[in-house]
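**Student:** My request is simple: use the sequences and hints to build the entire structure.
There are 2 protein chains.
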Amino acid sequence: MFDQPLAVLAPDALDAVHDQGMRILEEIGVEVRHEPALALLRSAGQSVEGTRVHLDRGFVMEQVAKAPAHFTLRGRNPARAVEIGGGSLVHTPVGGSPFCSDLERGRRDGTLDAYVELTKLAHAADAIRCLQSGVTEASEIIETSRYLDLDYACLRWSDKPYVCYGTSGEKAADGVELAAIACGGREAIAQTPAIIGIVNPNSPLVWDSLMADCLMTWAAAGQPVAMTPFMLAGATAPVSLAAGLSLQVAEALSGVALAQLVRPGAPCLYGSFFSGVDMRSGGPALGMPEGVLATLAGGQLARRYDLPYRGGGGLCSGNAVDAQSAYETAMMLWATYHSGSDLVLHAAGWLEGGLTASYEKFVLDLDVLRMFERLREGVIVDAEHLAFDAIRDEGPGGMFLASPHTLEHFRDWLFLSPLFRSQAHPTWLKQGGATADVAAVAVWKRLLDSYEDPGIDAAIDEELRTFIARRKAVLDE
Amino acid sequence: MFDQPLAVLAPDALDAVHDQGMRILEEIGVEVRHEPALALLRSAGQSVEGTRVHLDRGFVMEQVAKAPAHFTLRGRNPARAVEIGGGSLVHTPVGGSPFCSDLERGRRDGTLDAYVELTKLAHAADAIRCLQSGVTEASEIIETSRYLDLDYACLRWSDKPYVCYGTSGEKAADGVELAAIACGGREAIAQTPAIIGIVNPNSPLVWDSLMADCLMTWAAAGQPVAMTPFMLAGATAPVSLAAGLSLQVAEALSGVALAQLVRPGAPCLYGSFFSGVDMRSGGPALGMPEGVLATLAGGQLARRYDLPYRGGGGLCSGNAVDAQSAYETAMMLWATYHSGSDLVLHAAGWLEGGLTASYEKFVLDLDVLRMFERLREGVIVDAEHLAFDAIRDEGPGGMFLASPHTLEHFRDWLFLSPLFRSQAHPTWLKQGGATADVAAVAVWKRLLDSYEDPGIDAAIDEELRTFIARRKAVLDE
Numbered sequence: 496m497f498d499q500p501l502a503v504l505a506p507d508a509l510d511a512v513h514d515q516g517m518r519i520l521e522e523i524g525v526e527v528r529h530e531p532a533l534a535l536l537r538s539a540g541q542s543v544e545g546t547r548v549h550l551d552r553g554f555v556m557e558q559v560a561k562a563p564a565h566f567t568l569r570g571r572n573p574a575r576a577v578e579i580g581g582g583s584l585v586h587t588p589v590g591g592s593p594f595c596s597d598l599e600r601g602r603r604d605g606t607l608d609a610y611v612e613l614t615k616l617a618h619a620a621d622a623i624r625c626l627q628s629g630v631t632e633a634s635e636i637i638e639t640s641r642y643l644d645l646d647y648a649c650l651r652w653s654d655k656p657y658v659c660y661g662t663s664g665e666k667a668a669d670g671v672e673l674a675a676i677a678c679g680g681r682e683a684i685a686q687t688p689a690i691i692g693i694v695n696p697n698s699p700l701v702w703d704s705l706m707a708d709c710l711m712t713w714a715a716a717g718q719p720v721a722m723t724p725f726m727l728a729g730a731t732a733p734v735s736l737a738a739g740l741s742l743q744v745a746e747a748l749s750g751v752a753l754a755q756l757v758r759p760g761a762p763c764l765y766g767s768f769f770s771g772v773d774m775r776s777g778g779p780a781l782g783m784p785e786g787v788l789a790t791l792a793g794g795q796l797a798r799r800y801d802l803p804y805r806g807g808g809g810l811c812s813g814n815a816v817d818a819q820s821a822y823e824t825a826m827m828l829w830a831t832y833h834s835g836s837d838l839v840l841h842a843a844g845w846l847e848g849g850l851t852a853s854y855e856k857f858v859l860d861l862d863v864l865r866m867f868e869r870l871r872e873g874v875i876v877d878a879e880h881l882a883f884d885a886i887r888d889e890g891p892g893g894m895f896l897a898s899p900h901t902l903e904h905f906r907d908w909l910f911l912s913p914l915f916r917s918q919a920h921p922t923w924l925k926q927g928g929a930t931a932d933v934a935a936v937a938v939w940k941r942l943l944d945s946y947e948d949p950g951i952d953a954a955i956d957e958e959l960r961t962f963i964a965r966r967k968a969v970l971d972e
Numbered sequence: 496m497f498d499q500p501l502a503v504l505a506p507d508a509l510d511a512v513h514d515q516g517m518r519i520l521e522e523i524g525v526e527v528r529h530e531p532a533l534a535l536l537r538s539a540g541q542s543v544e545g546t547r548v549h550l551d552r553g554f555v556m557e558q559v560a561k562a563p564a565h566f567t568l569r570g571r572n573p574a575r576a577v578e579i580g581g582g583s584l585v586h587t588p589v590g591g592s593p594f595c596s597d598l599e600r601g602r603r604d605g606t607l608d609a610y611v612e613l614t615k616l617a618h619a620a621d622a623i624r625c626l627q628s629g630v631t632e633a634s635e636i637i638e639t640s641r642y643l644d645l646d647y648a649c650l651r652w653s654d655k656p657y658v659c660y661g662t663s664g665e666k667a668a669d670g671v672e673l674a675a676i677a678c679g680g681r682e683a684i685a686q687t688p689a690i691i692g693i694v695n696p697n698s699p700l701v702w703d704s705l706m707a708d709c710l711m712t713w714a715a716a717g718q719p720v721a722m723t724p725f726m727l728a729g730a731t732a733p734v735s736l737a738a739g740l741s742l743q744v745a746e747a748l749s750g751v752a753l754a755q756l757v758r759p760g761a762p763c764l765y766g767s768f769f770s771g772v773d774m775r776s777g778g779p780a781l782g783m784p785e786g787v788l789a790t791l792a793g794g795q796l797a798r799r800y801d802l803p804y805r806g807g808g809g810l811c812s813g814n815a816v817d818a819q820s821a822y823e824t825a826m827m828l829w830a831t832y833h834s835g836s837d838l839v840l841h842a843a844g845w846l847e848g849g850l851t852a853s854y855e856k857f858v859l860d861l862d863v864l865r866m867f868e869r870l871r872e873g874v875i876v877d878a879e880h881l882a883f884d885a886i887r888d889e890g891p892g893g894m895f896l897a898s899p900h901t902l903e904h905f906r907d908w909l910f911l912s913p914l915f916r917s918q919a920h921p922t923w924l925k926q927g928g929a930t931a932d933v934a935a936v937a938v939w940k941r942l943l944d945s946y947e948d949p950g951i952d953a954a955i956d957e958e959l960r961t962f963i964a965r966r967k968a969v970l971d972e
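Protein sequence lines correspond, in order, to chains A and B. Yeah, the first sequence ends on 972 if you go by our numbering, and it's all consecutive. Yeah, the second sequence ends on 972 if you go by our numbering, and it's all consecutive.
Since the hints were made in silico from the structure, they are not lab data. Wrong hints could be hidden among the right ones.
Identical copies look the same in the list; a pair holds intra-copy or inter-copy alike.
Said to hold, decoys possible - Under the rule of at most 35 Å between Cα atoms (straight-line distance), these lysine-lysine pairs were calculated in the DSBU-like manner:
| no. | residue 1 | residue 2 |
| --- | --- | --- |
| 1 | K561 | K925 |
| 2 | K561 | K940 |
| 3 | K561 | K967 |
| 4 | K967 | K925 |
| 5 | K967 | K615 |
| 6 | K925 | K940 |
Keep in mind that this is a model prediction, so the values were computed, not measured.
**Tutor:** Right, dumping it as structure tokens:
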């Protein structure tokens with residue numbers, strides 16, 4: 496009930512956006528800068544002139560219909576498998592941040608140590624059911640082969656499924672290989688995927704060689720691909736939401752169609768990363784009304800296409816863990832919860848438009864996610880909760896602080912957070928007057944202390960390490 | 496579409512809450528510590544034993560049905576009249592704060608100067624359509640007659656309608672008199688009310704003499720009364736939401752019934768101020784899931800009774816304008832916008848559980864309210880917004896930053912805020928690295944500079960001052 500999807504597009508507006516998406520594919524077409532992809536599209540009867548492909552709407556929708564509406568994602572521990580689809584709200588931590596920051600050590604380049612710490616924090620967090628390879632970059636490791644260390648850390652320090660790092664076909668292929676080693680082999684993960692791949696077309700309307708290669712590699716291996724146009728209204732898209740949504744439809748569905756040509760039935764997600772441009776900086780203005788509306792509209796479109804939805808997340812533009820970042824993140828998380836989102840990337844820890852993975856924001860966001868989980872439970876109305884006898888026993892003018900009904904239930908029924916407190920101002924001052932970012936330091940330390948190594952089978956670990964060493968020898972020569 | 500009400504009570508749960516509210520009135524009853532109220536209830540055939548009144552559900556619902564579903568509130572400027580009802584979302588600033596704070600002058604006792612400043616800020620703010628007398632206290636003025644200065648400032652420095660200060664029958668009566676002087680006389684404001692009164696029963700289930708007196712005074716004068724139980728789950732109510740909601744029904748509807756006995760058809764609001772107790776401090780934990788769910792459920796109850804709803808607001812427990820306060824406030828404002836709220840008290844500026852009126856938070860909250868107003872406009876889908884030609888003109892790989900469609904529309908279509916910015920981190924640092932609270936100082940100063948005195952008719956002003964002087968002579972002797 497609480498998380499019922501909010502419609503921001505009326506049925507006829509939804510039709511109009513879809514129709515223009517199809518018209519774009521037919522009349523303008525997409526650039527596909529990847530020979531094997533062009534060959535596939537040509538042989539499927541689509542019009543290919545050079546790298547420009549005009550796609551027929553009948554063909555596109557026929558391909559989209561082949562993608563499943565939901566699927567299971569299973570990492571190396573079956574008990575931590577997640578269903579993706581039907582509004583599943585599977586959260587991942589922030590990912591792709593070149594920097595990381597915490598108040599004790601400051602803002603700094605990401606390192607493998609910091610990344611492993613953040614991965615352990617994500618593993619220890621109940622609200623995070625899927626990890627992300629590359630929460631922060633391991634900047635001290637040579638870039639050519641760094642992705643192997645990042646994917647490995649997800650497999651070694653956690654047994655949750657994860658978003659694969661891959662930013663090229665080669666990296667995607669190695670990512671699939673690592674997952675296959677840890678999760679029962681290529682055939683097993685083709686049956687039940689172990690990782691998720693994210694691809695971002697070069698908006699507007701370009702599938703470059705790197706992204707098309709990723710897409711086809713993951714799809715061929717049966718690993719789900721989230722087709723996520725990066726729509727920046729006023730930059731990569733027109734300044735109006737309706738136009739950007741129609742571009743999103745054209746880009747995402749052309750990606751889905753390509754994946755289905757590679758492997759019919761390959762799991763695909765309809766992805767949305769959509770904000771307005773801040774004309775003062777040229778950067779994305781995250782957590783603003785454009786992003787909220789687009790997140791909600793994207794969910795409507797995904798449901799129209801019966802595809803799982805990757806949308807929303809705890810996005811913000813703010814540069815500090817302050818009121819701005821919190822308002823922006825809260826706006827986006829509410830939109831996420833009412834968009835029917837299935838896979839929520841960057842649900843916790845996102846700061847500075849994603850450039851920094853913040854330890855303090857990570858634990859603050861986790862508590863906000865816990866609030867939403869409580870909200871989804873709704874208002875329970877039964878005899879025990881209606882508590883007529885407790886009301887009669889106290890009677891008019893009574894006080895329930897120490898009543899038996901309160902003492903019996905307050906621990907289970909009241910939301911309690913280490914970060915969201917309500918001390919009187921003098922007490923708060925006496926306790927140090929810590930703002931929420933400062934108070935969060937102790938909380939992420941406790942969470943890190945609570946981390947338990949899931950362990951890994953020694954033979955599998957050896958095989959992973961051998962594979963990585965062999966690949967590094969080639970890549971880093 | 497965006498602000499469609501969210502249901503957190505299923506129809507049978509709503510029935511069960513209502514039913515228990517009625518059962519409480521019939522079997523437990525309410526304490527009414529006010530002779531004229533008891534006399535009215537007795538003569539209406541209700542069971543009165545001492546101060547305990549048992550109310551018949553048929554009688555209560557019959558009275559509730561007499562209250563209008565919506566009404567016009569009109570202060571001294573008819574152009575600023577507002578409709579209350581049907582999800583009208585009329586915002587007021589924070590009210591009742593003994594302290595005020597801004598980063599330049601610090602946290603301090605409220606004064607008349609600060610109160611007038613805050614009133615001018617509220618007058619200057621488009622998002623605030625109704626003021627509150629006593630945004631902060633004028634602590635240097637003797638308490639016995641301070642309310643006269645507070646109500647006067649609303650009438651003198653603004654021409655918007657306002658929430659009357661009254662916390663006793665005498666104060667309420669003087670408040671009515673001041674409004675009548677400024678707004679065309681008692682007959683005129685009885686026809687179209689000029690002020691709103693707030694009453695809080697002493698939860699659970701007590702109408703004390705002060706509140707009953709206020710209620711009857713405002714109702715007799717035809718001024719709307721918001722019946723607002725203060726439900727603190729685990730303190731003034733059982734620890735379960737369902738129980739608190741049933742108490743809220745009993746308290747609010749007994750107030751409405753009393754108002755209808757005083758003056759059939761008197762406008763009344765179903766009010767909700769509901770949070771869980773923070774067991775660590777004994778205070779209300781604002782902005783937490785309990786408050787969000789109760790705000791949404793309260794809206795469902797108000798609609799069931801066909802009464803305008805006073806619910807939600809920018810409430811928080813945080814002691815600083817930090818991430819905590821912002822998350823809490825955002826949670827509550829989302830709940831407000833999806834509860835069908837009609838009158839939103841404390842929509843901007845609330846800090847420290849309401850003990851402090853914060854200048855910085857006031858302008859931050861205003862921008863969040865502006866975001867919600869943009870969200871309510873939804874996604875416009877027409878040929879101009881779909882912008883097919885702009886997409887075709889740029890084509891694949893294009894860039895819309897300088898496209899004619901962008902240049903023509905970005906000023907009107909993109910949300911822009913002085914406080915929510917997206918500078919790159921080095922730029923932000925170079926510009927001073929101000930957190931949002933610090934950046935807000937310049938914004939409230941600009942808003943205060945933009946204030947324009949609406950003026951007041953000299954004869955009316957003289958009459959108001961004469962009345963106040965006469966009353967002060969009596970009260971302060």
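**Student:** Hints first: check each against the structure and report whether it holds.
**Tutor:** Comparing the hints with the structure gives:
no.	hint	verdict
1	K561 <-> K925	neither (62 Å within a copy, 52 Å between copies)
2	K561 <-> K940	neither (46 Å within a copy, 58 Å between copies)
3	K561 <-> K967	neither (37 Å within a copy, 80 Å between copies)
4	K967 <-> K925	neither (55 Å within a copy, 40 Å between copies)
5	K967 <-> K615	within (25 Å within a copy, 67 Å between copies)
6	K925 <-> K940	both (23 Å within a copy, 31 Å between copies)
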